[in-house]
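Visitor: Here is what each chain is made of, one letter per residue.
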Amino acid sequence: MHTKIIWPLTALAAILLFNLFFVPGFFHMEIKDGHLFGSLIDILNRAAPIMVIAIGMTLVIAKEGIDISVGSVLAIAGAVAISLIGVVPLWMAIGAALIVGALCGLWNGVLIAYLGIQPMVGTLILMTVGRGIAQLITEGKVLTTDSKSYGFIGKGFFLGLPFSIFIAAFVFLLVLYLKKRTALGLFLEATGTNKVSSEYAGVEPRKIYLFVYIVCGLCAAIAGLLVSSNISSADANNAGLWIELDAILAVVIGGTSMRGGRFFLAGTVIGALFIQSLTTTIYSMGVPPERIMVVKAIVVIIVSLMQSDRFRQMFQQKSKKAVIG
Amino acid sequence: GSNNGGSGGASSSPANTGTNTESAAPASSPAADKKIVLGFSQIGAESGWRDAETQSIKDTFGNDPQFELKFSDAQQKQENQIKAIRTFISQKVDAIALAPVVESGWETVLEEAKAANIPVFLLDRTVKVSDESLYTSFIGSDFILEGQNAAKTMIDQLGADKQVNIVELQGTVGASAANDRQKGFQEIVDANPNYKIIKSQSGDFTRAKGKEVMEAFLKSDGKNIQAVYAHNDDMALGAIQAIEEYGLKPGTDIFVVSVDGIKAAFEAIRDGKLNVTVECNPLLGPQLKQAILDYQAGQTLEKWIKSDEDVYFGQKAIDALPNRLY
Amino acid sequence: MKLERMRLGLRINQNNIIIFSTLLLILLLYGAGSVLYTGFFSWQVFFNLFIDNAYLIIVATGLAFVIITGGIDLSVASVVAFISVVSASLLQQGMNAYAVMAICLIIGILFGAAQGYLIQRFDLHPWIVTLAGMFLARGASYFITTQSIVIENPTYLSISKYKIHLVGSNFISVSVIIALVVVALAVYAAKYTEFGRAVFAVGGSEKSSVLMGLPVPRITVLVYTISGFCSALGGIVFTFYMLSGYNLHLMGMEMDAIAACVIGGILLTGGFGYLVGPLLGVICSGIIQTIVMFQGTLSSWWTKIAVGFLLFLFILLQRVIVIRRQRRRVINHGSTMTPPQLQPLTNAEYSKL
Amino acid sequence: MRSGDVLLKMEEVSKTFPGVKALSDVNFTLRQGEVHALMGENGAGKSTLIKVLTGVHPMDQGKVYLNGRPIVARSPLEAQHLGISTVYQEINLCTNLSVAENLYIGRLPRRRGAIDWKKMHADSEQLLRRLNLNLDVKKSLSDYSVAIQQMVAIARAVDMSSGVLILDEPTSSLDAQEVQQLFAVMRKLRDEGMGIVFVTHFLDQVYEITDRITILRNGSLVGEYETSKLSKSSLVTHMIGREWKEEDEHRKTESSYTPEVVMAAKSLTRAGSIKPVSLSVRKGEVVGLAGLLGSGRSEFANLIFGIDQADSGVMTLGAEQFQSMNPKKAIRQGIGFCPEDRKIAGIVGELTIRENIVLALQAKKGIFNYIPLKKQQEIAQRFIDLLRIKTPSMEQRIDNLSGGNQQKVILARWLATEPKLLILDEPTRGIDVGSKGEIRRLILDLAKSGLSILIISSELQEMIECADRIVVLRDRMQVGEISGGDMNEASIMKMIAEGGGTSEQYPQTGS
Ligand SMILES: Nc1ncnc2c1ncn2[C@@H]1O[C@H](COP(=O)(O)OP(=O)(O)OP(=O)(O)O)[C@@H](O)[C@H]1O
Ligand SMILES: Nc1ncnc2c1ncn2[C@@H]1O[C@H](COP(=O)(O)OP(=O)(O)OP(=O)(O)O)[C@@H](O)[C@H]1O
Ligand SMILES: [Mg+2]
Ligand SMILES: [Mg+2]
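Protein chains in written order, with the working numbering: chain A, 201 to 525; chain B, -11 to 314; chain C, 50 to 402; chain D, 936 to 1446.
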């Protein structure tokens, strides 16, 4: 079971190694104003939103679903939080954003679990409408806030480390707890693999689906808080655009199959870190912007080939033959 | 070409009966009780700047009893804009305003508009067509000029003989605003051997991306950076945050120049974090209205009606701040 | 008991229901638009649905084959954009228009086949491979140019501007004919060729298809090749439509294509659907957009909300119709002792495609 | 070539799966014009042998000769081209396609390049008639039951075969008539000179149809025998590798039920599916449900367990009454249900044996009342030992188990919930003789300890041996009940055929 995680780890190690040689000062870390400071810390910090969303997405994918509305939900949550700051106490603004995220998840869940709409299409609706709602809330403008305490979520430091890392870690541990210490993991993997059998065994797939989409919505909302607090503003138009693709990529690189079933939370986290390291590397390497897409495409293919059993078998056979011949 | 409301199958549709007055020359002034219908195809609402433009048009035409505005939002898709124009044509509007999402690909549909005798006004971006008569006028600014102004002002402010390393935050790769703002800027910078663009990366016109890219630049080049040029204010504002978090003073340690002139940029100048913003005026409503009225009155219009724009920095920006609408 | 059987026999089969409900709802929407907005109910507005969406119809139809095998192709939109850039830049260099079209189609075929090969040979998930394909095609067009290139080639211009007049002065474009031909071919291939049925078999169960002795690897590669080909053809048609090549064209169009397939009754899980479905799906979303445009006063965000809401309404109604008609599937037990009556009424399943 | 000549020869075939040596140096010879049984316990490697032969799995080592020429089939398609056609153990058809397409896909009839649907439908009907099946071939296969699907798979293979026909447990879900029908076809093909490999766990069938028997045990060859010269008991002895005595055949000796009613269903009805059925089960009682294929036995079980909702009628469990039911509720009320279609409704393929076993128990306890891993392992180990599930480890994925062992895991899943009433729909389908006896013993032991059991089995003999009482269904209607000494195959078949007995009690409605 744990062999699955080797490949994303290898990929991550490879990209860090690459940086060691080609990006001077990449591993340099210093303590400034009592907090750690360096590219690695930046990557952790930057990866936090993708990580959180990808964790939610892992659950959804484990049940053989998909949620492409996370980017919009992220935008809504950010918009809600920032538009409420100053109007109501901070905790209420944050709470409202989380509740809205959960409601978005609930909506997706109902469409998919109870109306039987296919996940991609069901969440496509919220993807479209959601951004509209986010714009409605901000009236198309970029809302800003100067609340220092709100800014703490996304760019504050705690024990010398960015606070966002703690949030991501908290989400990870919470979901890990649900997976390992409750039957959620078992039920989710069961329904994701064979819905009918699970139903016969007394699992209620619909409730599981609903729960999973709510968690995913919540995760998107948390990511929305992280993103909007990091720049102290809510940009309804661009926040979280295409993040669903990165999140899905992280999940798959992490070893969870899009065909549902087994899921690997730690793998997802590593996948997210890998994607962010790649992005940051590309930025610091000075790769011309128009090349980024191609680089990303090639790296994605290489990583997934490495994960493919059949690909590795090909090499093993080749080397076997070479030895014999 | 045939005019669209003609004979044949069209008569079978109820919508086409009666009320078809403007198949004649468009210059004939409309009946006193008849409103001038304007179809406006907007790109979307991808930035505060664009929203200000939309608002300006809506305010100008929505509050004027002489006009009726049909607004269509294309959500960043050219196909949607083409569809919108087709729809306007079939609704027989009196004029079409178009803020084209890209420069190319308008030939066919503009010909259809021309065949239907509907004047087309381009807003804020122009189009590439083989036949200039396909549109009536272009109202908007010159992105290349904006890039040039940004570079010139920066060199003025920093001194031509100072060694300056610049990092550039580009707009969305391929967007004409990004292409031209880069081009104009590069032209001026290349003419001065002391000024060098050391890194250039796309920040997608957004604050979050602008900040992220700037962070990476600072990590790899750090103290080597003397100036930032951002293709829009949002990215500049993101970059400012990154610089602050890196422990430097934006505006002092690193010179920041950007384009657009949104209100937040003026505030940043006031706070000393942003040095220069080159205005790109979105408030095109009044100019468009005048153009339409002139056209209806049979006057010939200039092909490029330039919008009123300026470069803001220092005290000038602070003075202008209270009057900024967007 | 007899009565029961009769009623059940008369039931429209599940696949048909979705197609019927889609048609019904399209009529409803179209009717609503006609009542609400002057100028809506005209031939040209109707034809425009096809003119404006010809490329999408082609792309979605190609994609449908992939979806029916249970796969997905996210690269379609980027390939269309890439093809537009390639053709524009080749035409700019003065290449013959037909040679350019041929090159584009070959690119599409190779691209699709490569994706299919990776998916099949290494058992990679189509999402990932085609997502990389999407990045690659977009990125590759940046290598050619980041600018938009206008096409001035006379052949392209004349094809683009050629109007085929139907019912009076109303017209359709050449692209519409191409799109309809593609749909017709797809419908034929799906129903009347061994390959078409094998595509459905693979979608039903890949494992069983292998065990039944179907050449599953070949079929998999082939469907992605078809999708690549249709994307390239869609790219050419789109180039006629736009007369320009630009790498930012059609961002996110893959979702429109997928949605069109699903609205047209093709299950994303594979194995079910009719090849006219994508056409209907495209027309449906076209009408929704036309309604929103005729409405003409919505602000940007309300436009998004309205489009999404209408989409939701459509899908919801479709589900309701399907669920109501579906009820529980009858398990028909034929046995040697009690042979069930043959039920001639279910011809509908195959005569309807 | 004449009948008796060697048609297919496999030499020294080995195959290893991670953790399992599924085949080691197995030899197998098939002659022309014979039906050759491949026998062995669950997990002995029968299906694996067939799969390596037909190219589903590559073989690690070994040679295959067809008509004396060495062959290598790398895929089922290649095997087909070589004239080997196969019905695999898990029915492998595409249920989304029509019956006719399933019969002909890969070789659809064509006219002027296009598929000739008319011809295909006509051909299919004719083909199915050979197996005495009368189906609407245009309907999608999913509209038909497992048994029908099995027959369709057989029809396809029979029609395609030229030389070698392999049938891996084709009769597991067929009833007696259908089996006879199949045998008739097999005999005809054999007489035409074909070689047929036949896998089954029904000994009677082996003696009825086969000419020769090859026995595998633990992936190794035990030997090849002529059927007529091998006694039943020595066959079983060879299979299980130890002496097999008649005592292993467990029979009900005394009834142990108490008057306390555990479950009482009153006029449960579901439109279009089943007419009113009333049935009560007492504590410690074993009740059998008999009937032909499609008589509504499974439908009734589904109603009790809440897979389907009854339109009318009530169910009493203990002191409580229920109008509607769902699986979770049923499990909490102490019902367990081992469904008949293992692949679709039983196993959860990607999960391990341990997880499959604890799944229902966990559902019973609820999502937050997590069973600690230690406990899970204990439970799993207990049932692996109890049911003798053959696996290298409890962390093995269940879909890597042999068919019969999968069935045992599902059984274990329900036993783990410690139910009051256990519904077993075809519990011994695909299970080898040895284990069958054990399962029967288990049922009896459980009943003795107070568990009530509702058993559905197509093997009447099996039901007669365990049940205290048998309820007979026909045409989705309850037609009667037999108990005690009256229970024998003849009386049950008579009741099924005549629908007699207590029919006044359940007046026939409709036609
Ligand atoms: N794909 C696989 N991966 C791992 N192990 C497997 C796989 N297929 C079969 N096995 C193992 O190989 C052994 C032989 O299995 P096989 O299916 O051939 O048994 P069988 O004789 O057909 O039994 P049954 O009568 O129950 O069908 C079993 O121990 C099984 O667990
Ligand atoms: N919704 C329905 N409408 C009409 N008939 C139905 C419906 N559902 C099931 N049937 C029929 O009810 C009968 C009972 O099927 P069921 O699967 O219960 O039979 P069974 O006796 O258990 O046979 P098997 O041994 O194959 O399991 C079948 O003939 C089936 O065709
Ligand atoms: Mg087997
Ligand atoms: Mg049954």
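Hints in this document: simulated from the structure, not taken from any laboratory. Among these hints, one or two may not hold up.
Said to hold, decoys possible - The list that follows gives simulated cross-link-like pairs (lysine to aspartate or glutamate, EDC-like), each with its CA atoms no further than 16 Å apart:
| id | chain 1 | residue 1 | chain 2 | residue 2 |
| --- | --- | --- | --- | --- |
| 1 | A | K355 | B | D130 |
| 2 | D | K1264 | A | E404 |
| 3 | C | K256 | D | E1330 |
| 4 | D | K1054 | C | E243 |
| 5 | A | K204 | D | E1285 |
| 6 | C | K210 | B | D119 |
| 7 | D | K1263 | A | E339 |
| 8 | D | K1383 | D | E1161 |
| 9 | A | K395 | D | D1276 |
Small disclaimer: the values here were computed from a predicted structure and weren't measured.
Visitor: Each of the hints needs a verdict: does it hold here or not?
Guide: Cross-check of the supplied hints:
Only pairs whose Cα atoms come within 16 Å are accepted, and K355 (chain A) paired with D130 (chain B) is rejected, the gap being roughly 37 Å. With a C-alpha separation of about 11 Å, the suggested pair K1264 (chain D) and E404 (chain A) falls inside the 16 Å cut-off, and the hint holds. A distance of roughly 24 Å separates the Cα atoms of K256 (chain C) and E1330 (chain D); the hinted pair therefore is violated under the 16 Å criterion. Distance check on the hinted pair: K1054 (chain D) and E243 (chain C) sit about 14 Å apart at the alpha-carbon level, within 16 Å; holds.
With a CA separation close to 15 Å, the supplied pair K204 (chain A) and E1285 (chain D) stays within the 16 Å bound. With a C-alpha separation of about 14 Å, the suggested pair K210 (chain C) and D119 (chain B) falls inside the 16 Å cut-off, and the hint holds. Taking the CA atoms of K1263 (chain D) and E339 (chain A), the gap is near 48 Å; set against the 16 Å cutoff, the hint is violated. At roughly 41 Å between alpha-carbon atoms, K1383 (chain D) and E1161 (chain D) are farther apart than 16 Å, so this suggested pair is violated.
A hinted pair counts as satisfied when its Cα atoms are at most 16 Å apart, and K395 (chain A) with D1276 (chain D) qualifies at roughly 14 Å.
In summary, the structure is inconsistent with hints 1, 3, 7 and 8 from the numbered list given earlier, while agreeing with the others.
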